[in-house]
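Listed below, chain by chain, are the residues.
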Amino acid sequence: MTESTPTNGGAKLKRTFKQTFAFPKNCVYRPLRQIQNMERNQKLSPEQPTYFTLNAPPSLRPAKKYSDISGLPAPYVDPHSKLRFANAEEYASMQHMPSDIINGYLTLRGYTSAVG
Amino acid sequence: MPAHKRVLVIDNGSYECRVGWHDTKEPELRFRNVLTKPRKDRKKDNSQATDALAAHAAAAPEECSKGNGEIQVGNDITNIEAVRAHLKSPFERNVITNWNHQEQIFDYIFSKMGFDGKSSIENPIVLTEALANPNVCRRQMSELLFECYRVPAVSYGIDALYSWQQHQRAHKSVQDALILSFGYTTTHVIPVLDGRMQLEHVRRLNVGGFHIVNYLFRLMQMKYPVHLNAIASRMEKLVHEHSHIALDYQEELLKWAQLDYYEAHIMKIQLPYNPVTASNALLTAEQKQEKRRELAMRLLEIKNRREREKLLEDEQHLQLLRKLRQLYEQQKLQKFERALQQQQIANLEELDKLLATITARIKRVKERALAPPRPSKQQDKLDKLPKPPEGVPQSQWLAELRGKREDLLRRKQARQQQRTEQGKRHTHAAQERMRIISTLAARSEKRRKAEEEDDGFGMNDNDWDVYKRINRYNDDSDSDAENEQLLEYEKILNHYDVSVDDAQNAAMQALSAAENYQLHFGVEAIRVPEILFQPSMIGCSEAGLAELIAFVLNFFTGEEQQRLANHVYLTGSCAQFRGLKERLSKELMELRPFQSSFAIYESQDPALSAWLGACLQAKQGNFRETLTTRLEYEEQGSEYFKEHVASNNYYPTPKD
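Respectively, the protein sequence lines represent chains F and C.
Residue numbering for the first sequence follows UniProt numbering, beginning at 1 and increasing consecutively.
Residue numbering for the second sequence follows UniProt numbering, beginning at 1 and increasing consecutively.
Just so you know, nobody snuck in bad clues.
Below, in silico cross-link-like pairs of lysine-lysine (DSSO-like), each with a Cα-Cα straight-line distance of 30 Å or less:
| # | chain 1 | residue 1 | chain 2 | residue 2 |
| --- | --- | --- | --- | --- |
| 1 | C | K237 | C | K112 |
| 2 | C | K586 | F | K64 |
| 3 | C | K255 | F | K82 |
| 4 | F | K43 | C | K642 |
| 5 | C | K288 | C | K303 |
| 6 | C | K223 | F | K64 |
| 7 | C | K353 | C | K332 |
| 8 | C | K310 | C | K366 |
| 9 | F | K82 | C | K223 |
| 10 | F | K65 | C | K581 |
Since the hints were made in silico from the structure, they are not lab data.
All figures in this text were calculated on a predicted structure; none of them were measured in a lab.
Let's have the full structure, built from the sequences with the hints guiding it.
Next comes the structure, spelled out in C-alpha cells:
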C-alpha cells in the first residue's frame, strides 16, 4: 500500500495508475443480442463454435405440469384463468386471487396467451 | 517484463469477484460484482462534503468521495439491501457488456489492491472470462486493460478449466473429464479429452443461481404480496441454506401433498414485526383517553404559544405606528412621509386603518385569553352517545345491538347475493325475476282492458317491494336508512367494546399478528433448484441438465463417452446444493448403458477453486507463455490473445 502524502490532497491522488481513455460512444454498452447480430453478419464458418452456438438445445422431453400455486403435480387447468392447480382447495383459493397475481404466476411459468 | 513480478489473479465472476496475488493462499478481496450510484439529495451532500473537507482536509478522502454520491462498488456499498433495486452489473448473462461498469469495477479492484498513488500497474494479470467469450467483448477488455490501465500483460482463462486444473492436483493422471460448472447465470457441460476442452461440444444452459433466487423471490412475492420488502432480502439466504435438490422430484412432491408430511416438514419463518396493534389493544379505554387528552393539551399549548408570539409582534408594530402618528401630529411632515415610505404605507388614512385593525386584534386576543376554556368537543361527543336504557344491563343492551347489527348485515349480504345472481343468466334468481316481470306486465295489460277493475295492487305498501326485487341495479338507495342505522350501531359498539375489551382478546390479536408475519417455506425448498433439471418450470425451453448431459455425451463415440463418464467433475458456487451429487448419479445411472461405470467428483471448494487454479497456473514455469503482452497487443491487434490449456480458442474475426 502506498500512503497518500497529505500535501497532494487526498482525492487527487486516487487512481494515478489510470490513463485517460474512453471507448467510442457506441461501444460502451452493447447488449448480447446486438453482439449476436454482429457475429451473424461476420459470416463465420459453420464449424466454428461461438458463444451463441453453444446454447443448450431445446428440450425434447414433454414438460411436466405442476400447480402454479403449490408446485405439486397438477392434473387440472382452470379454463378461466389458465392457472394449473392440484386440488379443490387450490381452486378455491384461486377464485379470490387478484388478476395481477394470476398474471404473475402465468408469466413466471412463461405462459403467453394466444391473444397476447 | 521481469518474470518475478507478482501476478494479480482476478476471477471475474458474474456473482462474485475474487482478487488476490498468485502466491497467497486465498483472495484478499472478494466482493459482489455489482455497483450502485446512490441517489441522494445533491445539495445536502455537497455541503456535507465541504464540511468534512474543512474538518479534516486530506485525512478522509474516502469519506468525501462517498458523501458526493459517488458510485459505490462491491463491499463499499453501505447497505446492499436498501439499494437492491439500483444494483448494476457489467454482465449480461456471463458476458461483460457494459464497459462503463466494468471500468468502475477495475478502478475499485486496483484501488483496493494498493495501486493508488502508483504511476502505473506493473504486475501481469490473470483474468477469467466467459466460455466462448465473443471476440468483441475480449477486444474491449484488452483495450480497457492495455490502454486505460497500461497493464504489462494479461492471461485470459475459463473459470471452469482453472477449477479443473486445481482439481487435477489430486488426480494427476486423469486427462479426461466431464466438467459441470454451475454458475450464477449459466450452467456449462464441458467435455475434456486428453487434457483439451472439446469446445465445439460444450453446451451451456442459461439457467443458474440467479434464476433460482429470482424464482423463489417471485413465488414468495405472489404468495405473500404484503411482505414484499421483507422478502427480498431473505431469498438468497433461503436458497443458500435451506434449499436442496430432490433425489426424485416427483416422489418428493407426492410426499409434500400429504398433509401430515407437510405439517411435519414445513419451515415457518417469522418476519420481524411491530406489535403495535397488540400493544394498542392492550391499552384500556382510560389509558387511551388519557393519551388523547395529553395530545390535545400539547396542541393547545402550541397554539397558545403561537398566539402569544403574534400578540407581542402586534404590540411592537402598534407602538411603531403610534410613533408615526405622533410625528404627524407634531407636524414633522417630511420625516413622516419618509417613514411612511419605509413602512410601505400609502397615506394617512391607511395608517389610521392599520392602527384600528391592530388594536382590535390585540383586544380580541386578550379577551380570549381571559375567557374560561371552552368545554372540549370530546366530552360533548361522549355525552351525546346513547346510553343503555334504564333498567337494562349494559351487556344485555350491547348484545341486543350486536344482534341487530348482524341482522342488518345479513340482509345486506342477501341483497348483494341476489343482485349478483340476477346478473348472471340461467340462475334461479334471474328466472324468478323474469317471471315476476312477465306477471306484472300481464296484470297491467289486463288492467288496461278492464279499466276500473282494481286488483288492489298498491293498497299495501309492501306491494311496491316487488319493483325493488326486479330492479337489477337496485343499489342501496332504499336502504340508506339501514346504512345509517348500521353506522350508528357500529359506533356505539365500538365505543363500548373498547371499554369491555379484555387482555385475553389482546393476546389473541398479538398471536395472530405474529402469524400474519410468517412465511411458509415448504415445497419451495426442492421446487426452486429443480429448475436446473426442468427449465420448463420457468418457461425456459432449453433442455434440463440431465438431458443436456446426454446430449453432449452423444457427440462422442462409446469409448470416449465412457472416459468422460468416469470422471464427472462438479464445480461453481451453485454446485454446493445439497443432494446435487446424488441426483446426478441417479440421472447418470438412468442415461448410461446398463452396468456401466461412472464416477462423480465434487470440487473441494466450489466457489474458490477457479481462483486457486488460476494461481496454480501462474506459479508454473511456463506461465509466461500464456501471457499476452502489451507489445503483442500493439502488434497483433486488440483481438489477439495467447491460447493455453485453460483458455478459449483463438478464432480471429474474418476480415472483409
